[in-house]
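Chemist: Here is how the chains run, residue by residue.
2 protein chains.
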Amino acid sequence: MSIEIEDLATRLVAGERRALARAITLVESTRADHRAAAEALLDRLADPDRTALRVGLSGTPGVGKSSFIEALGLRLVADGHRVAVLAVDPSSARSGGSILGDKTRMERLSREARAFIRPSPAAAQLGGVARRTREAMLLCEAAGFDVVIVETVGVGQSETLVSRMTDVFLLLLAPAGGDELQGVKRGIMEIADLVLVNKADGDLAAQAQRTRADYAGALRLMRRRDTDPEGIPAARTVSALTGGGLAEAWAEVERLARWRRDSGVTARVRAAQAGQWFEDELRAGLEALLASDSELAARLERLRAEVETGRAAPGAAARAALDPLVRALRDA
Amino acid sequence: MSIEIEDLATRLVAGERRALARAITLVESTRADHRAAAEALLDRLADPDRTALRVGLSGTPGVGKSSFIEALGLRLVADGHRVAVLAVDPSSARSGGSILGDKTRMERLSREARAFIRPSPAAAQLGGVARRTREAMLLCEAAGFDVVIVETVGVGQSETLVSRMTDVFLLLLAPAGGDELQGVKRGIMEIADLVLVNKADGDLAAQAQRTRADYAGALRLMRRRDTDPEGIPAARTVSALTGGGLAEAWAEVERLARWRRDSGVTARVRAAQAGQWFEDELRAGLEALLASDSELAARLERLRAEVETGRAAPGAAARAALDPLVRALRDA
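Here the protein sequences come in this chain order: H and L.
Counting in our numbering, the final residue of the first sequence is number 332, and the numbers go up one at a time with none missing.
Counting in our numbering, the final residue of the second sequence is number 332, and the numbers go up one at a time with none missing.
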């Protein structure tokens with residue numbers, strides 16, 4: 001490892017914000033030398049004993065995610081926590097916007113010394129988003145943040161990506177009635193630990209309670225997962241505006257995290273998550289390997305097209321794609 | 001391709017049942033020479049113009065899956081269809097039993113010349129189950145079956161596996177009330193096109209209607225997928241015993257399949273499924289490649305263990321695991 005990486009690691013572990021920001025920029029880069037440096041840095045910082053709480057949060061635009069994160073974050077900081085907020089935003093690649101691009105959306109939280117908010121880079125691609133966010137999360141933990149909130153707008157597969165890197169998953173909803181209800185992507189019911197109906201204040205309070213009851217009813221139709229204690233998943237109301245319900249919701253998050261830690265679920269899930277990341281990296285590495293040789297890459301794309309149009313069988317095509325590798329390895 | 005494979009392919013396409021049974025035995029085998037023969041056979045039979053309807057069906061034990069499939073299958077056969085039934089049963093590896101092991105469970109259907117029922121092999125493993133079932137399905141289609149029903153008991157990830165190889169997914173439930181309701185695995189709400197509440201006859205008829213309404217309510221909370229026409233997902237009642245609701249349920253399946261075909265959804269989804277199978281085969285091929293060399297395999301397992309226990313970062317470990325391949329390819 002170069003002296004530079006060692007120096008960056010040391011400053012990051014000491015909690016120096018500029019070192020953390022620079023390290024995240026490094027993992028976001030697609031340059032080959034930056035990637036190698038990022039991998040060396042992450043390997044240097046790997047620590048099995050780190051126990052930050054990783055919280056995923058999803059919700060469609062307009063439900064008040066920023067206000068909720070700001071209200072919750074300020075409360076956590078006041079309680080002595082150090083809070084990092086990251087965003088998974090595959091839509092920013094298309095719209096040019098970014099859910100956390102404008103820090104003023106969490107102006108008060110961003111001024112806190114014990115909080116760190118990282119906007120989503122503008123031109124991220126989904127595959128890269130998962131790796132980048134996962135690695136940024138590990139860097140925040142190495143820098144001493146004990147709560148990491150990963151926010152997603154829930155486009156495409158992004159909730160699944162986020163649930164695969166977090167310990168507890170929150171779904172934030174707005175009060176709704178009747179036909180407006182079809183707002184939740186189906187897969188989210190599988191991964192949500194807590195459904196939080198926001199804006200339970202003023203005129204919307206009663207409607208928020210009804211929405212909560214609707215979701216509580218839907219959740220009751222589903223089997224308890226083996227990662228859940230009694231009472232999870234639950235549906236609750238909160239108000240980012242008044243702060244109502246926030247303490248109770250966070251207490252539920254902590255109770256759930258404690259139960260999962262004590263029962264061994266967290267250790268098991270984190271090992272499985274890490275194993276999955278390893279598989280993802282292996283696959284990305286193989287793809288890079290196949291793409292590094294133009295003849296091999298062209299062969300792979302031709303075979304993939306034949307499989308997708310039904311003209312070739314997947315097994316035979318994969319065998320043909322890997323054949324040059326097999327021969328190279330045999331002759332090595 | 002050997003003459004034997006060509007002969008087997010010809011007899012299978014001619015609809016010879018023994019050739020189909022033998023071909024499925026071939027794709028179920030783990031022997032290397034059988035695998036190579038199976039891949040050659042599947043590649044020989046690949047045909048982009050095949051249009052059999054692939055139906056996935058899930059339901060926990062006791063909901064009456066066999067009776068439902070038998071009643072539906074007999075009706076389809078009477079209507080001129082040729083119906084194949086396959087099982088994805090990861091639990092058989094553990095229990096030694098098999099959901100379709102006892103053909104007497106569908107005695108009448110199994111006697112039909114226009115039906116083909118394939119029991120699940122006893123000692124299947126999940127990874128192999130997906131490949132085997134997918135390949136058996138393609139063989140049934142090549143043999144002229146125009147409806148293939150893939151049944152699963154819904155253990156672990158099996159519904160997801162089945163939904164990734166079928167066009168329409170049915171969830172079969174039994175009538176239930178109150179606390180009994182927590183019976184559905186969460187992920188299934190994401191993939192179900194039709195929720196069918198069985199046993200809507202006699203004393204259970206009213207309870208079946210209530211269960212149907214509960215699920216219809218839950219489905220209304222979720223957003224429509226871009227693969228769905230208006231009104232899908234839907235919840236209906238059926239009775240395998242009296243045949244009530246079966247014609248309507250099948251009409252809905254055909255309406256949905258037609259809509260998806262006409263709107264281009266089927267072509268898009270099938271291309272994506274085939275692409276995913278290619279990725280799966282590439283990964284399996286890579287794993288076989290890494291495992292073929294004992295030094296490489298030991299290295300991979302050591303690195304995986306380090307990642308899972310948090311002592312190494314996934315990216316750096318994957319790079320280290322692939323390094324011998326990179327060097328072999330560079331020196332080839």
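One or more of the hints may lead you astray.
Note that identical chains are pooled: a pair holds if it fits in a single copy or bridges any two copies.
What the hints assert, rightly or not - Mimicking DMTMM-like on lysine to aspartate or glutamate, the simulated pairs with C-alpha atoms at most 20 Å apart in a straight line are:
#, residue 1, residue 2
1, Lys-185, Glu-230
2, Lys-185, Asp-7
3, Lys-185, Glu-254
4, Lys-185, Asp-79
5, Lys-185, Asp-226
6, Lys-185, Glu-248
Read the hints as simulated data drawn from the structure, not as lab findings.
As the structure is a prediction and not an experimental result, all values here were calculated from the model.
Chemist: Taking the earlier hints as the rules, which of them does this structure contradict?
Modeler: 2, 3, 4 and 6
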